[in-house]
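Novice: Starting from the structure of chain A, add chain B where the hints point.
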Amino acid sequence: MSSTKEKLIAHVSKEEPAGPTNKVTVVGVGMVGMAAAVSILLKDLTDELALVDVMEDKLKGEVMDLQHGSLFLKTHKIVADKDYSVTANSKVVVVTAGARQQEGESRLNLVQRNVNIFKFIIPNIIKYSPNCILLVVSNPVDILTYVAWKLSGLPRNRVIGSGTNLDSARFRHLMGEKLGIHPSSCHAWVIGEHGDSSVPVWSGVNVAGVSLQGLNPDMGTDNDKEDWKSVHKMVVDSAYEVIKLKGYTSWAIGMSVADLCESILKNLRKCHPVSTLVKGMHGVNEEVFLSVPCILGNTGLTDVVHMTLKPDEEKQLVKSAETLWGVQKELTL
Amino acid sequence: MKRPDVQWITVTSSSLSLPEAGTRDGSLIHCSAPYSRQQQPAMLVSCWCLYLGAQRLYRHVLSMASVVQKLITPLFSGTLEPPRNKVTVVGVGQVGMACAVSVLLRDLADELALVDVVEDKLKGEMMDLQHGSLFLKTPKIVSGKDYSVTANSRVVVVTAGVRQQEGESRLNLVQRNVNIFKHIIPQIVRYSPNCILIVVSNPVDVLTYVTWKLSGLPKHRVIGSGTNLDSARFRYLMAERMGIHPSSFNGWILGEHGDSSVPVWSGANVAGVSLQKLNPDIGKDTDKENWKETHKKVVDSAYEVIRLKGYTNWAIGLSVADLTESLMKNLNRVHPVSTMVKMNVFQGMYGIGDEVYLSLPCVLNSAGVGSVVNMTLTGDEISQLKKSADMLWHIQKDLKDL
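One line per chain: the protein sequences are A and B, in this order.
Going by UniProt numbering, 186 is the number at position 186 of the first sequence; the sequence numbering is gapless.
Going by UniProt numbering, 250 is the number at position 250 of the second sequence; the sequence numbering is gapless.
Only chain A is shown next, with the shape it has when bound in the complex:
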C-alpha cells in the first residue's frame, strides 16, 4: 500500500541532494541575533540558516517561529540546536552571543565575561566549519574580534568584526536628515574603535563627490557654527540612548550585519568599515583590531583601503589601540 506521498511524487534523481551552498549560522538568539537572522532571511541571502544558543527552550521557540514563516521566505532549511553539529559547513558564522551592555555601562566592561563565553563557542564553530568566515558582533567588538582570531586559529582575512559599520550607518542617517538626502547618497566614514572613541573622518564626508569640509573648513571643530561635531557625538550616544529607551538595540545592528553578509556571500567586493587587524597601519604597533575601510568578498576581508588621515585622527587611532592593548594583554586566552 503506497502512501499518499508515494502516489503523488515519484523520486527520479539518483544523486544525493547537494549540501548548502550559502549557509549562515547565527550564534546567540537574543534580540541582536534574531534581528540579524530575520534580516538575513528577508534579504534571501542563504539557503540554510542555523541557530545556536545555550537556552534550549528559547532556541526551539525561535526556530519554530521562523519555520512557520517559511511560506513567505526563500530559505528552505532553518535548523537549531544546542549542539554545534547543526552549524556544519557554514560559509559565514555571526557571533552575537555574550552579555550585553546594561544602562550606562561601557562596552569595555563586558570583556572578561564575554571572553569566557567565547572560549567555549569559537573552537566549536571551527570544529564544524573550519573554512568559515567569522563575523563578530558581541561587544566590545574590537577586543572580541581579536579574541575570536586568537581562539580560532583562522587567518586574519576570515575574522571580521562588525566594528563601525553601524556607527557609519548612524552617522550617514543623521547626515541625511541634516541635508534632506537619503543616507545612501551621503558618504561618510567613521573608523577606529566601535564606541566612545570612534573617529569620524571629516575629510571624507561628501555628497556626489563634493567634500563638505571643502565647503565648511570648520567642520568637525569646536568653531563650527553648524556644529557637525555634535552629529558624531549623537552617533556615539545613540546606543546608550536607545538602550535607555527600549532596553537594548537590535534592528539597526541586525540590518548592518545582513549588509555585511550580503557582501561576503555574494562576493561583492564592496567596501565597508569593519574591524580588522591594523598592526602596522596608521602608526599602530600593537596587535589590535580597529575599523578601517575594507573590501569584503567570499574569502572574507581581502583588502584594506588606506585612508589619508590627519595627524590628530591617526593619534586617536593610536590611542584607541593602546587602550585596547591595555585590556587585551590582561586576558587569559
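Rather than coming from a laboratory, the hints here were simulated on the basis of the structure.
Hints should not be assumed to be uniformly reliable.
What the hints assert, rightly or not - Incomplete in silico selection of chain A near chain B, CB under 10 Å: (1) Asp57; (2) Ser70; (3) Ala169; (4) Ser184; (5) Trp228; (6) Lys246.
Said to hold, decoys possible - One-sided excerpt, in silico: chain A residues whose CB lies under 7 Å from chain B: (7) Ser3; (8) Thr4; (9) Lys60; (10) Glu62; (11) Met64; (12) Gly69; (13) Phe72; (14) Arg170; (15) His182; (16) Leu212; (17) Asn216; (18) Val242; (19) Leu245; (20) Thr249; (21) Trp251.
By construction, the Cβ of each residue, glycine as well, lies at the ideal position given by its N, Cα and C atoms.
Specialist: This is chain B only, laid out in the frame that chain A set:
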C-alpha cells in the same frame, strides 16, 4: 535647515554677477548716469567703494551660508507631497515590531508610522529602525503617542491590546480590548479615513468585528489577519512531510483563528493533484497516515511557541507583510483572512445569518477585500463554520458600548 534663505542667495549672487568667493577678479560695475565731466572721477570712486562694500557683504553672507545652502540648489520648494504608500503599526510590542520590520525589509512603504502608549519604548524602537535607514528604502519613519503621525495611511495594522490573564474568561478579555479599541480605532479613522485596517490582536475574529463597528468603515476595508498564519503553518508542515517548498503545497484553513479552525482537505493539492483523491480518508480519524495530526500541530503551534519563548512574532509579522503587499500593490491575490460573512440582510456565506467575521479565501487589492472565493465545503465543514459563528455571536452580542 535654513532652506528659505537659499533662493535669496542664489538670486542675489547671479544678479550681482560677482566673482566666486575667494577668487580675485577686477570686474567693475558701471554706473551709467549723466554726470558732468568734473563729477565723473568722484562718481567713479563712489562706485568703486560701493562695489567693494557689496563684495565684502557678499563674501560675509556666503561665509554665513550653511553647507546645505552651498551644496544644494533646490529646484522645487513647494509643499512636500503626502506619502503615497504609508503604513501605520499600532502597538510596538513583539508582534508590532515584527510586522514593522517585515514591511520595511520588503520595501512596501514610503513612510512608516508607529503608535503606542508607552512613550520611551516607542521612541527607542523608532530610533533603532531609523538607524538602519541606510539599508532600507523607507525614507520616513515616525512615531508618536498622538495619532496625527498616522495621517494619510493606506494600511493600518492593529496589534495593540491585552493578553488573557490566568483564569480570565474570553468575554472579559474581549471587553477589556473593546475599551482599548474604543480609543484607538476612531483616532485611526479620523486621520486616515480611506485606510484599510488589518486587525491582528486576539481574539482576532471578534476584535475585527469590534473594529468594524467602531470604525464605521465599509466591511471590505476591515480585515482580520485570521487564519492567514494558520494556513501558512499548515502549508509549511504539510510541505515538510512531502519534501517540497510550502509555496508549492496548496492548502486552506478557514473559519475561526484558533482551536476550531477548519482545514479544507478537499482543497489540499500539489500541482493541482488533490490529496484527498489519492487518499479518501485524509483528515479523518480512520486515516492510516494520520494527516489530521498535521492540522492538530497547527492549532497547537501557537501554544507551543509561547511556551518555549514567551510569545510568537516572526511568523505573524511575515504573514502581515504578505497581506500588506497584496493591498499596497493591488495584486488581487487570494488570502485566507477574516472577513464579514454576512453579505446583506438576506444572505450570508454558507447560510450564516449572524454578523460575524470568519476567515474565508479573499481576493485582496488596493480597495481591501475585492471579492470572496466561494469554496466548495463539505456538509461537515459548513457545520463547523456555523458552530464557530454561533459561538462568536454569543460573545459579541454581550459586548457593551460598541
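Novice: Quick one, is the Leu245 (chain A) hint okay against chain B at 7 Å, beta carbons?
Specialist: 3 Å, holds
Novice: When the nearest CB of chain B is found for Trp228 (chain A), is that gap smaller than 10 Å?
Specialist: Holds - the Cβ of Trp228 (chain A) comes within 10 Å of chain B, reaching about 8 Å at its closest.
Novice: Taking the closest Cβ pair, is Phe72 (chain A) under 7 Å from chain B?
Specialist: Hint holds; Phe72 (chain A) Cβ to chain B Cβ min 4 Å, cut 7 Å.
Novice: Given Ser184 (chain A) was flagged as interface, is its beta-carbon under 10 Å from a beta-carbon of chain B?
Specialist: 6 Å, holds
Novice: Under the criterion of a CB-CB separation shorter than 10 Å, is Asp57 (chain A) in contact with chain B as hinted?
Specialist: 5 Å, holds
Novice: Take the shortest C-beta to C-beta distance between Thr4 (chain A) and chain B; is it under 7 Å?
Specialist: Holds, about 4 Å.
Novice: Should the interface hint for Ser70 (chain A) be scored as holding, given a Cβ-Cβ cut-off of 10 Å against chain B?
Specialist: Result: holds, 5 Å to nearest chain B Cβ.
Novice: Next item in the hint list is Trp251 (chain A). Is there a CB on chain B closer than 7 Å to its CB?
Specialist: Cβ of Trp251 (chain A) sits 5 Å from chain B, so the hint holds.
Novice: Going by Cβ atoms only, is Val242 (chain A) closer than 7 Å to chain B?
Specialist: 5 Å, holds
Novice: Should the interface hint for Ser3 (chain A) be scored as holding, given a Cβ-Cβ cut-off of 7 Å against chain B?
Specialist: 6 Å, holds
Novice: Checking hints one by one. Is Leu212 (chain A) an interface residue toward chain B, by the C-beta closer than 7 Å rule?
Specialist: 5 Å, holds
Novice: Would the hint on Gly69 (chain A) stand, with a C-beta cut-off of 7 Å toward chain B?
Specialist: Constraint on Gly69 (chain A) satisfied, holds at 4 Å.
In terms of the numbered hints stated before, the structure departs from none.
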